[in-house]
Amino acid sequence: MSAISVRNLSKRFVTRQKAPGLAGSLRALVRPETREVEAVRGISFEMEPGELLGFIGPNGAGKSTTIKILTGILHPSGGEASVLGHVPWRERRALAYKIGTVFGQRPQLWYHLPALDTFYLFGKIYELDDALVRARVRLLAEAFEIEDLLATPVRKLSLGQRMRCEVAASLLHQPRLLLLDEPSIGLDVVAKQRIRDTIRRMSEQEGVGVLLTSHDAGDIEALCRRVIIVNHGQIVYQDKVSALKRAHLTTKLVEVRYAEALPDDFAVPGAELLKAGRYGAKLRFDTRTTPAEALVARLAAMGGLVDITITDPSLEEVIRAIYEAQAPVEVAA
Amino acid sequence: MIGRKLAKYGAVFTTQLQSAAAYPLDLAARSLSIVLFMVVFFGLWRATFAAQGATSIAGLSLRDTLWYLMLAETIVLSRPRMAQQIAAQVRDGSIAYLLNKPYSFLLYQAAFSLGDSALRMLFNGLAGGAVVWLLVGPPPAIWGLPLVLVAMALGWMIDFCVAALLGLTAFFSEEVTAFEWIYNKLLFLLGGLLIPLDFFPEWLQRVAKALPFAAAIYGPARLFVSPSISAFAGLLAIQVGWICGLGLLVALAYRQGTAHLSINGG
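Protein chains in written order, with this note's numbering: chain A, 600 to 932; chain B, 65 to 330.
I should point out that these hints are in silico values taken from the structure, not numbers from a laboratory. Take these hints with a grain of salt, some might be off.
Here are the simulated lysine-lysine pairs, DSBU-like style, with alpha carbons at most 35 Å apart [said to hold, decoys possible]:
no., chain 1, residue 1, chain 2, residue 2
1, A, 697, B, 249
2, A, 697, A, 755
3, A, 851, A, 839
4, A, 791, A, 874
5, A, 881, A, 697
6, A, 881, A, 791
7, B, 69, A, 755
8, A, 844, A, 791
9, B, 249, A, 723
Between beta-carbon pairs, the in silico distance windows are [stated by the list, open to error]:
no., chain 1, residue 1, chain 2, residue 2, range
10, A, 784, B, 300, 44 to 54 Å
11, B, 148, A, 633, 36 to 46 Å
12, B, 92, A, 624, 36 to 46 Å
13, A, 729, B, 298, 24 to 34 Å
14, B, 298, A, 747, 56 to 66 Å
15, A, 623, B, 246, 24 to 34 Å
C-beta atoms are modelled at their ideal positions from N, C-alpha and C, and glycine is treated no differently.
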């Protein structure tokens, strides 16, 4: 059985519109104008138990709305969903025992109290034995390296420290599925890497599935095998991360270094020169028109080739190319 | 099993109690306002009694009136601040966390609000009681205190139901300030905060006493100054009636609200 099964899920919001200025406010008072926004439009996908699935898209693509429907907080306008065998919006409480959630922009730890107090409160809320709570706190504190932070009031923690505590708290009741909504938002590179590593390790150790939304491709690349890309409320791509790269990474970057200085008119047929130095150059080529073998042969034929590196563009660039290929869809009025 | 279900609300209550106690100086400073109110009321009512040339008005002496107002103020200053709280949670999206835990959202809010109210009630009661004692002497009767505490608890529940109803309107409109303003004014006038309802004309007294505003404030405060079993029983019936009616409304509003909820952010 799938951990998550979603069919034709849609969500429409009605938002109030108001022209700018006082006149606009008065007009809105007399004749309020509303606009219907389709945040999610007929999304379908499956997620296997224990899978690490990335849900990626630009701001306003419908990622968080989908997560909130899957946790039972929002009722969808149409479609079906089953999460660990529950219809989330009908069986919210039963589902809550089996899932953990982190909404990166919102704190769930009690702000004025040490994180440990929230851990013990969650222990009661999830109806866990005190001995189990103590054991879990020990295990999670070690895994997330937060032993020294648990007694400090949450308001005194840095964002990176707080997020490690937040994710640890969401794993206290041994959920079978973790829904992480932008867990790395606002974190620096080191803190991001740290939290990603721990999430991956915990997922492997405890067999917990992770559905992760992010607008940071780095999160997906570091954590997920499979990715779903959403834009304008629709799925525009879903496959393995490696397949995404293969399918869309026909463009490669080549960096070369020669023993002798390059001529002023250095050029390689079939490749675009991005940067040229005294001994080295950076080029871009498309494997559909110029096979790597042919390009390497041309570069070698120039003589004195000391070093060559061929790399893929970052996932970030690949995803940007996918978004750009999707023309914006008119929003229903 | 049921013990565990209830224990979670107890844990929410004690956690919020700890959170509220995180700033004891702030709590103490806040209770200064009741001290100020009581000093002002003392001056005002002493002048009123002197102008009337009476030792009692509508059956209440100056001492009764001051102790009555002290308890009424304590109740009002310690009310659940839930309406604004829920509205803020809907606006900033943090409601998402409160709705995805395995508990009843309304009981969670009740436990949280009680934790929030309890310390304020203690500090306000102690500070207000101390100053009134200094100004007019000890309270007229102490034996009714257990009954008063029960009536205060039930009154708190009525107030909680109304605050929850106001808060839940945020699921539809996000903004609750206007409704809350109206409710506060009704509490002020018909709840007996401005003056004891006994000073109202007979017909208005009868109407006001049957309303939830008086059941939350006037009822317990009046019982404190002249406790009697029959007054307690009468109040209890009105309070339980309102709790049942309003509780039902809150449950209905919650069901409707969650289906309508749209969350900001993300």
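Going through the numbered hints above, which ones does this structure break? Give me the numbers in ascending order. Checked against the structure, the hints that fail are numbers 1, 5, 9, 11 and 13, while the rest are satisfied.
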